[in-house]
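Using the sequences plus the hints, can you model the full thing?
Going by full-length UniProt numbering, the sequence shown opens with residue 1, and the numbers climb by one from there.
These are calculated hints, taken from the structure and not from any lab test. What you are looking at is a predicted structure, and each value in this text was computed from that prediction instead of being measured. Just so you know, even glycine gets a beta-carbon here, dropped at the ideal spot from N, CA and C. Some clues are possibly wrong.
Said to hold, decoys possible - 25 Å max Cα-Cα, derived DMTMM-like pairs, lysine to aspartate or glutamate:
no., residue 1, residue 2
1, Lys71, Asp151
2, Lys71, Asp103
3, Lys71, Asp116
4, Lys17, Glu95
5, Lys71, Glu95
6, Lys71, Asp57
7, Lys71, Glu90
8, Lys17, Asp103
9, Lys71, Glu41
10, Lys71, Glu133
11, Lys71, Asp147
12, Lys71, Asp98
13, Lys17, Glu36
14, Lys17, Asp116
15, Lys71, Asp136
16, Lys17, Asp37
17, Lys17, Glu41
18, Lys71, Asp166
19, Lys71, Glu82
20, Lys71, Asp178
21, Lys71, Glu125
22, Lys71, Asp152
23, Lys17, Asp57
As the list claims (entries may be wrong) - Simulated restraints on C-beta separations:
no., residue 1, residue 2, range
24, Arg76, Ala13, 31 to 37 Å
25, Gly69, Asn137, 23 to 29 Å
26, Glu36, Ala187, 52 to 58 Å
27, Pro167, Gly69, 28 to 34 Å
28, Pro150, Asp66, 34 to 40 Å
29, Asp66, Trp158, 21 to 27 Å
30, Leu80, Ala11, 38 to 44 Å
31, Asn122, Thr168, 31 to 37 Å
32, Gly43, Gly83, 48 to 54 Å
33, Gln58, Gly142, 45 to 51 Å
34, Val176, Ala129, 23 to 29 Å
35, Ala182, Gly47, 51 to 57 Å
36, Ala81, Ala132, 15 to 21 Å
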Amino acid sequence: MSPAPGLRRDAQANVEKLRAAAVAVFTARGLSAPLEDIAREAGVSIGTLYNRIGSRDQLIDAVVPDIAGAKLATLRDRTLAEGSPRAQLETFIAEMIDLQRSDPAMNDAMLRRYPDAVLLINACERSVALGAELIDNAHDAGVLSPDFTPDDLMSVLWMAGMASHDPTAPDGWRRVVDRSIAAAWTAGG
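Right, here's the structure in full:
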């Protein structure tokens, strides 16, 4: 979030404190963390948050580069460093699930819980596009069943995201995810 023209120095300092607090709270607790907790963490009133930032979606978009940018770039780099289309897709899936499990904000992002947060959705769309590209490459290499689609991949990731943060989810959810992917590989894959 760039400084607003004519914004007083103390007001700009409050915006920066709110951004830092949002990154910390969202990363620890997810994008649905109470805005009051973010304001408290920043040492400002909730009114200051609304006056300086606006809505939850605007706050999310203000910090998406800090929360998701480097993590998704690393995921992309690790994925594309793999030597084969199958290894790339396997890495993408494993890394995406690890991100969902370890980072509540990334999980919320992948589950698209805030569709009006434009920058967040754009970051998600880049990941979806990478997944679709990896599926196309695996199809072209003949290692992935032709009927496995990007929607199938997103469904598997959605299931992993939901189960990984649900304390009532069955313990075997990861095995089901792994078996779903294993069933999609071709005999020669």
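Now the hints, each set against the structure:
Our distance criterion of 25 Å between C-alpha atoms is met by Lys71 and Asp151, whose separation comes to about 23 Å. A distance of roughly 10 Å separates the Cα atoms of Lys71 and Asp103; the hinted pair therefore holds under the 25 Å criterion. About 22 Å separates the Cα atoms of Lys71 and Asp116, which keeps this hinted pair within 25 Å; it holds. About 31 Å separates the Cα atoms of Lys17 and Glu95, which puts this hinted pair outside 25 Å; it is violated.
For the hint pairing Lys71 with Glu95, the CA-to-CA distance comes to about 10 Å; that is within 25 Å, so the pair holds. Under the criterion of a C-alpha separation no larger than 25 Å, the hint pairing Lys71 with Asp57 is consistent with the structure, at around 20 Å. Restraint check for Lys71 and Glu90: satisfied, since their Cα atoms lie roughly 17 Å apart, inside the 25 Å limit. A hinted pair counts as satisfied when its Cα atoms are at most 25 Å apart, and Lys17 with Asp103 qualifies at roughly 21 Å.
Between Lys71 and Glu41 the CA atoms are separated by roughly 24 Å; this keeps the pair inside 25 Å, and the hint holds. For the proposed pair Lys71 and Glu133, the alpha carbon gap of about 19 Å is at most 25 Å, so the pair holds. For the hint pairing Lys71 with Asp147, the CA-to-CA distance comes to about 30 Å; that exceeds 25 Å, so the pair is violated. Restraint check: the Cα-Cα separation between Lys71 and Asp98 comes to about 11 Å, which is no more than 25 Å; the hinted pair holds.
About 14 Å separates the Cα atoms of Lys17 and Glu36, which keeps this hinted pair within 25 Å; it holds. Of the supplied pair hints, the one linking Lys17 and Asp116 holds, its CA atoms being roughly 23 Å apart against a limit of 25 Å. With a CA separation close to 23 Å, the supplied pair Lys71 and Asp136 stays within the 25 Å bound. With a C-alpha separation of about 13 Å, the suggested pairing of Lys17 with Asp37 holds against the 25 Å cut-off.
Pair hint Lys17 plus Glu41 holds up; C-alpha atoms about 8 Å apart against a cutoff of 25 Å. About 23 Å separates the Cα atoms of Lys71 and Asp166, which keeps this hinted pair within 25 Å; it holds. This hinted pair checks out: Lys71 and Glu82 have alpha carbons roughly 17 Å apart, not beyond 25 Å. Straight-line distance between C-alpha atoms of Lys71 and Asp178 comes to about 23 Å, which keeps the hinted pair within the 25 Å bound.
For the proposed pair Lys71 and Glu125, the alpha carbon gap of about 15 Å is at most 25 Å, so the pair holds. Distance restraint check for Lys71 and Asp152: the Cα-Cα separation of roughly 23 Å lies within the 25 Å cut-off, and the hinted pair is therefore satisfied. Taken as a hint, the Lys17 and Asp57 pair is honoured in the structure, with Cα atoms around 17 Å apart against an allowance of 25 Å. A hinted range of 31 to 37 Å for the beta carbons of Arg76 and Ala13 is consistent with their spacing of about 34 Å.
A hinted range of 23 to 29 Å holds for the C-beta pair Gly69 and Asn137, which are about 24 Å apart. At about 55 Å, the beta-carbon gap between Glu36 and Ala187 stays in the expected band of 52 to 58 Å. At roughly 30 Å, the beta carbons of Pro167 and Gly69 sit within the given window of 28 to 34 Å. Taking 34 to 40 Å as the suggested C-beta distance range, the pair Pro150 and Asp66 does not conform, at roughly 28 Å.
The beta-carbon spacing between Asp66 and Trp158, approximately 25 Å, falls within the hinted interval of 21 to 27 Å. The beta-carbon spacing between Leu80 and Ala11, approximately 42 Å, falls within the hinted interval of 38 to 44 Å. Roughly 33 Å separates the CB atoms of Asn122 and Thr168, a value that falls within the hinted 31 to 37 Å. Between Gly43 and Gly83 the beta carbon distance is about 50 Å. The supplied range of 48 to 54 Å therefore holds.
For Gln58 and Gly142, the hinted distance range of 45 to 51 Å is satisfied, since their beta carbons lie about 46 Å from each other. In this structure the hint that Val176 and Ala129 lie 23 to 29 Å apart at CB holds, the actual value being about 26 Å. At about 53 Å, the CB distance of Ala182 to Gly47 agrees with the hint of 51 to 57 Å. As the Cβ distance of Ala81 to Ala132 is approximately 19 Å, the hint placing it in 15 to 21 Å holds.
Of the numbered hints given earlier, the model fails hints 4, 11, 28; all others are met.
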